[in-house]
Amino acid sequence: MQRKFKKLLYLRVHLRSCLALLGRRDFLMEASLFRDCLELLNNLIRNNASNQMLLKETMGFDPLISILKIRRGSAFNFTQQKTVNLLGALHTVELLLMGGPPGETGKDTSKITNQTALAQRNILDHLLLLGVESQWAPVALRCTALRCIGSLVLRNPQNLDSLASKQVGEEPHVQPALNAILAIILRTSVAQEFVAADYVFKCFCETNPNGQALLASTIAPHPSQGTATHGASSDMPFGSALLQALVSSDVNGDMEACCRASSVLTHIIKDNLQCKDRVCSLATFHCLNFTCTK
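For the sequence shown, the UniProt record's numbering assigns the number 1 to the initial residue and increments by one for each residue that follows.
The hints are all genuine.
With a straight-line cut-off of 25 angstroms between C-alpha atoms, the simulated DSS-like cross-links for lysine-lysine are:
(1) 69 x 82
(2) 69 x 56
(3) 270 x 166
(4) 69 x 166
(5) 202 x 270
(6) 202 x 166
(7) 56 x 107
(8) 202 x 107
(9) 276 x 202
Estimated spans, in silico, between C-beta atoms of each pair:
(10) 81 x 271: 37 to 47 angstroms
(11) 40 x 217: 44 to 54 angstroms
(12) 60 x 172: 29 to 39 angstroms
(13) 117 x 47: 15 to 25 angstroms
(14) 40 x 277: 49 to 59 angstroms
(15) 187 x 103: 34 to 44 angstroms
(16) 172 x 109: 41 to 51 angstroms
(17) 105 x 202: 21 to 31 angstroms
To be clear, the hints were calculated from the coordinates, so they are not data collected in a lab.
Glycine included, every Cβ here is placed at the ideal spot set by N, Cα and C.
Modelling step: build the complete structure from the supplied sequences, incorporating the hints.
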């Protein structure tokens, strides 16, 4: 009992020390000490639901969220040190969204608790700004933020609804977050960014029939589709942009976009007969070059 108490006290001291330093964001954002604190914090909470709970109860997640806040617009300077620090903070978020180790009792409970606590602090807005809106940010940063978005909404009804309703961008170029993530999938030249963005849709559609139906309901030709020569227009509904990519071919140089769109479509129809029926009917009437199996 005494040994366990000493261990708990040791962890509390280290967590408090780490978070106290992390809270001094303006002073330490450029310092390597900031990175070292994040690494120590991540080592303490990795696959450890108890330490994650201790972190939440001791200082909460607010200091962590504050690290992820950046200014909207290209004026934000992603220096090498700032990028490393942001990546460290995003890694912390990833660990929290994983919960405890595989097979541990209470792992899912820990994960859901962390999902809820982080969402209540509007972390989705910061992740979307880093992963979707900040296309000038380093690739590794964008990809990690996208993976965090996927893990944040995975099997969490409230967070799924939140992502489905989110808008990104500034007037007059505001668009739904899911449309913007689809655009990344179709247009990025970086393979790992495609994988990270595709992961968002995988998580959004998993055990989420309502979300799948929402996306499938928008799949229809767009009035401008017949005259478009390359790529989807930014003002297209989600399903129209997806459909345009699906019917592209080597003739117009969009075969890769077709393959990527097919991956998204796979998530939309997986284990969902209603969505499969809709897509199959579209394949029949619009002669899409893919086969649906019920």
